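Colleague: Using the sequences and the hints given, assemble the complete structure.
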Amino acid sequence: MSEHDVSFPAMGSEMRLLIGEPIEPHLPGPAEAAEQARAYIERFDARLSRFRPDSELCALNADPREAVPASALLRSAVAAGLWAAERSGGLVDPTLLGAIEDAGYGESRRGVAPAVLGKALASAPPRRPAGPNPAARWREFRLDDAAGLIRRPPGARFDSGGSGKGLCADAVAHMLRGYSRFVVDCGGDMRVGGPDALSAPYQVEVEHPLTRECAATIPVGGGGVATSGLNSRVWERADGSFAHHLIDPATGEPAWTGIVSATALAPSALEAETLAKTAMLLGARGAREVLRVRGGVIVHEDGRAELIGSLRLEPLMHLRVAA
Amino acid sequence: MTEQARPRPARRKRGPRPSTVVLSTLAAFLAILAFLAFQVRAGHDPALSRSSGQVAAVQQQPKRIVVRKVEDDYVITKVVPAPRSATSVQPALTTGSSGGGSPAPVVTSSPAPAPAPAPAAPAPVTRTS
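Chains as they are written, first to last, in this note's numbering: chain A, 1 to 323; chain B, 1 to 129.
Some hints here could point you the wrong way.
[What the hints assert, rightly or not] Computed footprint of chain B on chain A; a stretch qualifies when at least three of its residues, placed anywhere within it, have a C-beta under 8 Å from a C-beta of chain B:
| no. | stretch |
| --- | --- |
| 1 | 198 to 205 |
| 2 | 227 to 241 |
[To be verified] Partner residues are not named here, just some residues of chain B that face chain A (Cβ under 8 Å, in silico):
| no. | residue |
| --- | --- |
| 3 | 19 |
| 4 | 123 |
| 5 | 125 |
| 6 | 127 |
| 7 | 128 |
Simulated from the structure, these hints should not be mistaken for lab results.
On a predicted model such as this, the values are computed, not experimentally measured, just so you know.
Every residue, glycine too, gets a C-beta built ideally from N, C-alpha and C.
Modeller: Right under this line is the structure:
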């Protein structure tokens with residue numbers, strides 16, 4: 001049951017692909033499939049990164065027109081971000097780019113060591129759940145697929161953020177659907193698939209954000225797993241205060257909710273990423289509600305890992321639909 | 001004058017009584033029904049029976065199934081409680097609530113399925129992105 005296993009940096013994170021043998025004879029071998037998937041991820045990153053001035057996303061954000069021509073990929077990324085905002089009741093807001101930059105995350109933090117999370121937690125403001133912003137600008141975005149346009153008020157900027165990684169994992173999973181088993185890990189947003197994975201699930205380890213040890217192991221035979229947390233994107237500001245990249249839409253400030261990471265299971269990586277971030281923003285009490293149905297893990301500030309709900313997506317049936 | 005005896009009309013042959021007919025029909029019906037039920041329970045459904053010759057003919061002509069194109073896979077899942085076992089939860093893991101609010105539904109123990117053979121590659125890890 002050997003698989004092709006390749007890791008590489010992209011999207012400011014570490015990517016990993018695990019690909020088994022092809023099921024259908026016309027498909028290339030796992031190594032070639034991994035190369036194609038890697039090329040797709042790198043193109044995805046190049047076109048949708050907010051840290052690359054030549055990306056299509058930066059061009060959209062800088063465009064003074066109300067209706068901006070956009071590729072299908074950019075429209076998909078915007079649609080994914082808007083879907084995540086709807087799904088989370090406005091908590092996962094893709095239009096908080098200004099607040100993120102104000103918090104000190106204007107440049108890529110790839111290769112920059114994060115601040116010590118314990119120190120940041122010690123000086124953080126009182127814990128409280130985040131809330132949506134009723135006047136959030138994501139509600140002003142419109143997609144016009146027939147005309148290939150994105151409509152939004154000039155100045156409303158979009159950040160694909162985590163939803164982009166989830167979308168990318170799902171897109172690559174779609175490319176690999178003819179393989180016996182596979183894992184697409186886009187920096188923690190993971191998609192598992194293939195018929196062999198249903199019968200022999202991957203044991204996905206959840207990394208503890210404070211100790212880097214394994215906090216839990218979840219058997220995953222298909223679908224998405226994602227983790228959102230504070231430890232990898234936390235920094236000290238010039239005034240000595242600490243900030244991170246998970247912004248409370250209600251205040252525009254980093255959210256300190258009492259938990260340091262949340263892992264979610266869902267049918268897709270995009271949904272798992274959305275649920276994980278929603279859980280992080282709501283704190284322990286809200287996270288239990290959000291993760292109850294699909295299952296997940298939260299890690300409290302004191303290091304306790306709490307297993308929530310069901311942690312297994314058991315296949316009920318597997319349909320192959322012929323055209 | 002003697003009265004000549006009038007010929008008595010021939011006595012009409014009477015059929016069985018209606019109750020007899022009903023009872024006989026019902027008895028015959030029940031008998032046939034019981035027989036058929038026995039046959040069906042024994043796996044010999046008369047409606048499905050075929051002579052051995054027909055079966056052989058069918059077996060000689062295997063069905064051809066032409067899959068033109070696989071368009072997509074759909075995995076339909078249901079959520080079931082995860083097993084609490086040494087392989088699925090690390091010893092460091094604690095469960096329970098953290099104070100405010102009622103405790104979350106914690107994974108309930110259930111018989112763990114037979115462990116699947118692990119892939120050769122190191123386990124995938126989900127971490128904060």
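Colleague: Which earlier hints turn out false for this structure, listed by number in ascending order?
Modeller: 3
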